[in-house]
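**Student:** In case you want the letters, here they are:
Number of protein chains: 2
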Amino acid sequence: MADIPTLCTFTSVDSHYSIKSASAVLGIGADNCFNIPTDRVGKMIPEALEAKIVECKRDGLHPFFVCATAGTTVYGAWDPIPQIADICEKHNIWLHVDAAWGGGLLLSPEHRYRLNGIERANSVTWNPHKLMGALLQCSATLIRQDGLLFQTNQMSADYLFQQDKPYDVSFDTGDKAMQCGRHNDTFKLWLMWKSKGMTGYAKQINRLMDLAAYFTAKIKQTPGYEMVVEDPEYLNICFWYVPPSLRGFDPAEKKARLEKIAPKIKAKMMERGTTMVGYQPDKDRPNFFRMIISNQAITREDLDFLIEEIITIGKDL
Amino acid sequence: MADIPTLCTFTSVDSHYSIKSASAVLGIGADNCFNIPTDRVGKMIPEALEAKIVECKRDGLHPFFVCATAGTTVYGAWDPIPQIADICEKHNIWLHVDAAWGGGLLLSPEHRYRLNGIERANSVTWNPHKLMGALLQCSATLIRQDGLLFQTNQMSADYLFQQDKPYDVSFDTGDKAMQCGRHNDTFKLWLMWKSKGMTGYAKQINRLMDLAAYFTAKIKQTPGYEMVVEDPEYLNICFWYVPPSLRGFDPAEKKARLEKIAPKIKAKMMERGTTMVGYQPDKDRPNFFRMIISNQAITREDLDFLIEEIITIGKDL
Numbered sequence: 001m002a003d004i005p006t007l008c009t010f011t012s013v014d015s016h017y018s019i020k021s022a023s024a025v026l027g028i029g030a031d032n033c034f035n036i037p038t039d040r041v042g043k044m045i046p047e048a049l050e051a052k053i054v055e056c057k058r059d060g061l062h063p064f065f066v067c068a069t070a071g072t073t074v075y076g077a078w079d080p081i082p083q084i085a086d087i088c089e090k091h092n093i094w095l096h097v098d099a100a101w102g103g104g105l106l107l108s109p110e111h112r113y114r115l116n117g118i119e120r121a122n123s124v125t126w127n128p129h130k131l132m133g134a135l136l137q138c139s140a141t142l143i144r145q146d147g148l149l150f151q152t153n154q155m156s157a158d159y160l161f162q163q164d165k166p167y168d169v170s171f172d173t174g175d176k177a178m179q180c181g182r183h184n185d186t187f188k189l190w191l192m193w194k195s196k197g198m199t200g201y202a203k204q205i206n207r208l209m210d211l212a213a214y215f216t217a218k219i220k221q222t223p224g225y226e227m228v229v230e231d232p233e234y235l236n237i238c239f240w241y242v243p244p245s246l247r248g249f250d251p252a253e254k255k256a257r258l259e260k261i262a263p264k265i266k267a268k269m270m271e272r273g274t275t276m277v278g279y280q281p282d283k284d285r286p287n288f289f290r291m292i293i294s295n296q297a298i299t300r301e302d303l304d305f306l307i308e309e310i311i312t313i314g315k316d317l
Numbered sequence: 001m002a003d004i005p006t007l008c009t010f011t012s013v014d015s016h017y018s019i020k021s022a023s024a025v026l027g028i029g030a031d032n033c034f035n036i037p038t039d040r041v042g043k044m045i046p047e048a049l050e051a052k053i054v055e056c057k058r059d060g061l062h063p064f065f066v067c068a069t070a071g072t073t074v075y076g077a078w079d080p081i082p083q084i085a086d087i088c089e090k091h092n093i094w095l096h097v098d099a100a101w102g103g104g105l106l107l108s109p110e111h112r113y114r115l116n117g118i119e120r121a122n123s124v125t126w127n128p129h130k131l132m133g134a135l136l137q138c139s140a141t142l143i144r145q146d147g148l149l150f151q152t153n154q155m156s157a158d159y160l161f162q163q164d165k166p167y168d169v170s171f172d173t174g175d176k177a178m179q180c181g182r183h184n185d186t187f188k189l190w191l192m193w194k195s196k197g198m199t200g201y202a203k204q205i206n207r208l209m210d211l212a213a214y215f216t217a218k219i220k221q222t223p224g225y226e227m228v229v230e231d232p233e234y235l236n237i238c239f240w241y242v243p244p245s246l247r248g249f250d251p252a253e254k255k256a257r258l259e260k261i262a263p264k265i266k267a268k269m270m271e272r273g274t275t276m277v278g279y280q281p282d283k284d285r286p287n288f289f290r291m292i293i294s295n296q297a298i299t300r301e302d303l304d305f306l307i308e309e310i311i312t313i314g315k316d317l
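Going down the list, the sequences are from chains A and B.
Residue numbering for the first sequence follows the numbering used here, beginning at 1 and increasing consecutively.
Residue numbering for the second sequence follows the numbering used here, beginning at 1 and increasing consecutively.
Quick caveat, the hints were computed from the structure, so don't treat them as lab data.
Note that this is a predicted model, so its numbers are computed, not measured.
Yeah, the Cβ is synthetic: ideal placement off N, Cα and C, and Gly gets one too.
You may find that some hints are simply not true.
[As the list claims (entries may be wrong)] Beta-carbon label-pair distances, calculated as ranges:
{"no.": "1", "chain 1": "A", "residue 1": "Lys218", "chain 2": "B", "residue 2": "Ser195", "range": "21 to 31 Å"}
{"no.": "2", "chain 1": "A", "residue 1": "Pro5", "chain 2": "B", "residue 2": "Pro82", "range": "34 to 44 Å"}
{"no.": "3", "chain 1": "A", "residue 1": "Asn184", "chain 2": "B", "residue 2": "Asn206", "range": "23 to 33 Å"}
{"no.": "4", "chain 1": "A", "residue 1": "Phe150", "chain 2": "B", "residue 2": "Ile298", "range": "30 to 40 Å"}
[Said to hold, decoys possible] Listed next, the stretches of chain A that the computed footprint assigns to chain B, with coverage defined by at least 3 CB atoms under 8 Å from CB atoms of chain B:
{"no.": "5", "region": "157-167"}
{"no.": "6", "region": "218-229"}
{"no.": "7", "region": "261-272"}
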């Protein structure tokens, strides 16, 4: 039997499934990755996190990793990083910030405050293939502690990582990664960044945030639409379309019938070939649309069209 | 403390470093990945494998995974899969065949016998970005047991893998993979295969094998060259170039001096911009060149040039 502590990890119930998946793959076990509850808008509740950490310690587990999400997948919510960082510091736990989706906001001087506290993280994930518009795949993992990746991953294969080369071998970064041969994913990012610059990216991202505000305002004032989260803080706008035939029902009946509406509308959209918006249920909420505004070619007219198209397809359901 | 068995894995000392790396990443630990000795040509010694398995069991470890390599990185050696499969069967151990480099040979009716026994594997790695010439990256992992990847990796994220879609959701394979969003690496392979067909690939691969035989024969008959493995069984040809100034020394002195020759020649090649061949030391063997013939554009003239170029650069060292 192994004489090793049972590690456990923590992430919000609204975080990306890859966090639990990573716990499974790394041998920690999906069951030892605990989901911390979130509030109405999808942010992790710090008090619930600390309570769970204390409970795990009492049960003989070894809490070692907390993931705070900056921009959750469904709601685009921002976990309160400073409070989570305080808890991690107090309990000596590694703080990871999953900014895969939200990291791009750091390029906007106006909006980057949403990620305040990220500078306290031990590690950060950031996928330029999301908000920054690089083609799949382009993902970065940043680790604060210098040299840690080498310490962890180095296998020193002498058929690859010769030290007697005629150039500075610190450019050979392969031995600090888990993968060996792989696609050069960073080159396209470098080109995009060179081309747009910090100013260009700030402009692009601010424009998307403006479009999201426009879309939200419009959804709110259009009869038949209901917001899932009243005031979105990012580019995810979650909403229901309630066809006239459902509007008279009591809440329970309405909810049961609403579950089937978004899938029907989406299938019809795909059939018509006009537009495509994803949907999903969440906990006690029936299937709702999740509009993500991240394509820089989107215009206000496209958003107006989408709102009309859903009504056209859904009004007689 | 965890009440779990201590797993251990086995792979030849000449296998790719990713096998040990995977043991580290998966939480098994690099120290619990045991390297089995190989013979003079680089093949795993089955008796040594079984002895190590028995020893591990006696020590209270739980052997569960053996990797046999089909086409090793340095020597292009073929581990004896049938004998290894017998041992795995006897001890109830998962047999993986790392055919990342060698798998392409399956497309040649003349040469595929080198992989005999691979049909007994529980899993196989095969990288079309190696012998098959697909651009980086294009890697396949094949698992015999139907449904196992779903059982192992499925996280059922309902914001992605909705079951109420208007098409057959068995086409949504994302939930059986460890990664979520990723590059479509298989499309280029599909195009290449459609274009070349089985016949075209067989021809391409047979031609490379012929070129390797040509190069080997030429190296053997050219003064100053010495083979590391006398009769290569794949496309890796490992050799030393011994400059005239070293030829009079006793073996120990010659070996010490030879260590510095290949790095010097390679650096000079890069400087001249003419060609580039990798080198590495291995166990008690000083730095030697490892020529890999896998680019389908290579001609006999290129190989003649390389042999002359090394002499031109190295003869006065």
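**Student:** Now look at each hint and say whether the structure bears it out.
**Tutor:** These are the hints, each one checked on the structure:
With their beta carbons about 49 Å apart, Lys218/A and Ser195/B fall outside the hinted range of 21 to 31 Å. Taking the beta carbon of each, Pro5/A and Pro82/B are about 42 Å apart, inside 34 to 44 Å as hinted. The beta-carbon spacing between Asn184/A and Asn206/B, approximately 31 Å, falls within the hinted interval of 23 to 33 Å. In this structure, Phe150/A and Ile298/B meet the distance hint of 30 to 40 Å, their C-beta atoms being roughly 35 Å apart.
With a threshold of 8 Å between beta carbons, the proposed coverage of the region 157-167 of chain A by chain B holds, since 8 of its residues qualify and at least three are required. For the region 218-229 of chain A, the stated coverage by chain B is not satisfied: 0 residues place a CB nearer than 8 Å to a CB of that chain, which falls below the threshold of 3. With 5 residues carrying a beta carbon less than 8 Å from a beta carbon of chain B, the region 261-272 of chain A meets the three-residue requirement, and the given coverage holds.
Violated hints for the displayed structure, listed by number in ascending order: 1, 6.
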